[in-house]
Amino acid sequence: MNNKPVRVRIAPSPTGDAHVGHARTALYDYLFARQKGGVFVLRIDDTDTARNTLTSEEGVIRGLRWLGLNWDEGPDVGGDYAPYRQSERSDTYHKHVDLLMQEGKAYHCFCTPEELEAERKAQTDAKEDPRYSGKCRMLSNQEREDHLAAGRAPTVRLKVPGGVVGFNDLVRGWIEWDTNLMGDFIILKSSGIPVYNFATVIDDHLMDISHVTRGAEHIANTFSQILIYQALGWELPEFAHFSIMLNEDRTKMSKRKGATFIGQYADMGYLPEAMLNFLAFLGWSPGTTEDEIYTLEQLISEFSLERCTSSNAVFDIKKLDWINAKWIRRLAPADVAERMVPFLQRAGMLANAPDMRKLEKIAILIQERLHRLDEAPALCSFFLSDPEVPAQELSEVLAQVDGKAGLTEVARVLATVDWDEPAIEENLRGLQKDLGWSTKVYFMSLRLAVLGSKVSPPLFGSIEVIGRDNSIARINRAINSL
RNA sequence: GGCCCCAUAGUGAAGCGGUUAACACACCAGCCUUUCACGCUGGCGACGCGGGUUCGAAUCCCGCUGGGGUCACCA
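So the first sequence is numbered by the numbering used here: it starts at 1 and just counts up by one.
Each hint should be verified, as a subset may be incorrect.
[As the list claims (entries may be wrong)] Derived SDA-like pairs: lysine to any residue, alpha-carbon spacing no greater than 25 Å straight-line:
(1) K440 x A473
(2) K361 x R429
(3) K189 x E114
(4) K95 x K105
(5) K358 x D469
[As the list claims (entries may be wrong)] Label pairs and their in silico Cβ distance ranges:
(6) K135 x G258: 44 to 50 Å
(7) R250 x S133: 34 to 40 Å
(8) L482 x K257: 46 to 52 Å
(9) S254 x V455: 33 to 39 Å
Derived from the structure by calculation, the hints contain no laboratory data.
All C-beta atoms, glycine included, are put in the ideal place defined by N, C-alpha and C.
Kindly generate the complete structure, drawing on both the sequences and the hints.
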């Protein structure tokens, strides 16, 4: 472990929305940085000019912001190490490429993609490991001049010295690799843009990143990167590679199989608090706990790289649902009401200026039956508009009693009762006694008449929210259906 | 295919040489209850296989099997 101040970074490439894998890595970075009093930086690794778009950078940022993981430095907030977009740092990369060239640690390669492809194919056919032969390493000055004069744009390759390189991964321990197995690799594309592995090393070093943390798919890259650190004579940062998140069928998470972008989870009605909580426990554990509902603050104080798991983890959406439901129940009703608004509006159930007072009352009633916010429209519908009268079910429930007479009494009671839940309950229960109906028949018929369903939130509170006139009107409609 | 990583119930995950192998989600049952939900109680269910090492292996070593990752002028 080094003693440098903690600086960690999340370095997404802006080739899409924010992936849940990125989100978890970002979360772990954030927790680690906050716990150590360090700095969390966002860097955009946009060296793939063919795939990058500005809108996808915005998508990544939006996703991470939604989660509430705020970075201290980044392209949108600035910082002492700016710029934070690799596409804006090419001078820096070129300077280091030139240095390596001057020291004879890197060289121009004029092989075309076609030649390289052919070379690879020949090697594969011969059952050899495909790797660059290093033939441009031997080019004479004259040959090099000729190629340049002919207008061929070279790539730059690093001379791989060979031998075993290794590093101590903070979550998996010592890992090593025989670099004789890899050929000289490209650090600068013929377009003049550095390759990911190169730009990453330069930036991580220059930005004083103390801990390089990322998904396990980067383990193989680490060896190439170490070679670059060594060629430049730089000290290595700490490395930590987190497990990979898998689909239920144990394949890597992909768009094809369920949601992979955090924007999709937002749209499905998951809370950022729940998402963070869930992600934290997917690949990390505090040890023994019976209660896995953790706030960000709790996570910050308990997180540790040492307790991160090295085996891959299946993304279990059922558990996410449970955590989400727990979090919804934790919120203040007014907060739930706020968060339901976009979902209700999307369902066309709300005016532009919603009655928040009423929504809050509804929230109190449905809060503990909500697993995701996108279930709100279904659970709210009978509060916001009149349901169909379930005539068939109603008459079945009332088969043994005089339904018309009874419901008429109900309407009469409701017409005069003080309009609050306790009073409604008291008077309605009193009427049940007078009527002599069984509890089941009485409440079920009321539920059907006023709410239009056998399944609903608590009856008296619901009646209160629906209002006197409306409740009576619904009962009258029910009577008429009999 | 080469190399690397990983391997405890369906899922997440404790465990670091001696435990009746935790806990959480899911599932099942019961309780609570005017429905649903919440909550509570209980239950089902695991150390991939084979060799070692050891008085003693889920724990250490080796092999196998399985899964994943990676072998680009992608990141």
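Task: Numbered hints the structure breaks, given as an ascending list - done: none
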